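All chains, please: the whole structure from these sequences, using the hints.
Read in full-length UniProt numbering, the sequence shown has 19 at position 19, and its numbers run on one by one without any break.
In case anyone wonders, no lab produced these hints; they're calculated from the structure. Be careful, since some hints might not be right.
Mimicking SDA-like on lysine to any residue, the simulated pairs with C-alpha atoms at most 20 Å apart in a straight line are [what the hints assert, rightly or not]:
1) K117 to R101
2) K110 to P156
3) K232 to R254
4) K232 to P199
5) K232 to A210
6) K252 to R237
7) K105 to C119
8) K95 to K110
9) K117 to T107
10) K232 to V245
11) K252 to L219
12) K95 to C159
13) K81 to R93
Label-pair restraints from in silico Cβ distances [as the list claims (entries may be wrong)]:
14) E179 to H211: 18 to 28 Å
15) Q177 to A58: 54 to 64 Å
16) S176 to V96: 58 to 68 Å
17) P169 to K252: 40 to 50 Å
18) K120 to R209: 22 to 32 Å
19) Y213 to P156: 30 to 40 Å
20) Y213 to L121: 17 to 27 Å
21) L195 to K231: 27 to 37 Å
22) E179 to H204: 15 to 25 Å
23) R254 to T185: 28 to 38 Å
24) Y213 to V249: 16 to 26 Å
None of these values were measured; they are calculated from a predicted model. Built from N, CA and C at the ideal position, the CB exists for glycine as well.
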Amino acid sequence: MLRVTQTASHQHRGTGEMFSLSQPIPGNAETESDDNGDNLQESDMESDTEEDIDYFEAWEAQPKPRMYDEHEERQLEKREKAAAKHHAAEMRRMKVILAERGYTKDTNGKTLIGDCKVCKLVKARKPHLEGASADEEYEMYGEDGNDTEEEDEEHPVDCCMRCLLSLQPDFTGQKSQLELLIAATPGMDLVDEGLWLCPLPTIHWFYRRAHRYGIVYRLGATGPIAEFAVKKYRSHRGVRATELVDATVEWKARAEAMSRGVVLVKGKGKQKAK
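Written out as structure tokens, the structure is:
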């Protein structure tokens, strides 16, 4: 049986998908007759072609990109920010750990904060104290370079979450990954013996010298000026900015004198270079 059909092509808005619709043309389709000459209905006829497909339903069944409006985008952004604040807040984790141990308020009955100003300054290695004199630095740092005992006694242990958590027994007793690696390495006794062979004053001397280099480099000195300043103030715990300026002026005067063949000797004035 020959069936006359009409094909229409459509393109959906916003997509590049094409689909065709095949349907019979009224008045042009040929029909079959039975033995009595009656025309058969279309539903009674068997098509010689493949089964017709509803292309509209096929297109509707295909996955399509979802289009968000502005309101949905704002709501999604708010949910993402709330989730990030809930999961990535470091202070919240410390708060939960301390709350599980019964620490929710300090001795004054106030809510614990994450990090207080005093602990922040200690963590920053007290940059505001750099450049102090030897006597001032001794009063502030103590003999070993740390805080004095009076300062430790005055400073409360529950000033903030970070300080309180750092004093917990399980935190203070926890070994670092480096300590665990050294403990698992044979020959650890050799490390202890090597530390005992080096006197403690020698370790302090080298540490103070490296500390002075770090100070003058942070103050902007480089090269021979830094070397001269560290050597000039080798008896000091640190080098102040004013002392570095004096050392720079003196080094430049010595360099200029050397260029003219004059050597500046301390306490003897000027002498001709040999």
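Hint check results:
1. K117 to R101: Between K117 and R101 the Cα gap is close to 24 Å, so the pair fails against 20 Å, i.e. violated.
2. K110 to P156: holds, 13 Å
3. K232 to R254: Holds, at roughly 13 Å.
4. K232 to P199: violated, 25 Å
5. K232 to A210: holds, 14 Å
6. K252 to R237: Violated, at roughly 24 Å.
7. K105 to C119: holds, 17 Å
8. K95 to K110: holds, 14 Å
9. K117 to T107: This hinted pair holds, its Cα atoms lying about 17 Å apart.
10. K232 to V245: holds, 12 Å
11. K252 to L219: holds, 17 Å
12. K95 to C159: holds, 13 Å
13. K81 to R93: holds, 18 Å
14. E179 to H211: 18 to 28 Å: Taking Cβ atoms as reference, E179 and H211 lie about 25 Å apart, which means the hint holds.
15. Q177 to A58: 54 to 64 Å: At 60 Å between Cβs, range holds.
16. S176 to V96: 58 to 68 Å: Because 24 Å falls outside the window, the suggested range is violated.
17. P169 to K252: 40 to 50 Å: Given about 57 Å between the Cβ atoms, the range is violated.
18. K120 to R209: 22 to 32 Å: holds, 28 Å
19. Y213 to P156: 30 to 40 Å: holds, 36 Å
20. Y213 to L121: 17 to 27 Å: Holds, since Y213 and L121 (Cβ atoms, about 23 Å apart) stay within the stated range.
21. L195 to K231: 27 to 37 Å: holds, 28 Å
22. E179 to H204: 15 to 25 Å: holds, 23 Å
23. R254 to T185: 28 to 38 Å: violated, 50 Å
24. Y213 to V249: 16 to 26 Å: holds, 20 Å
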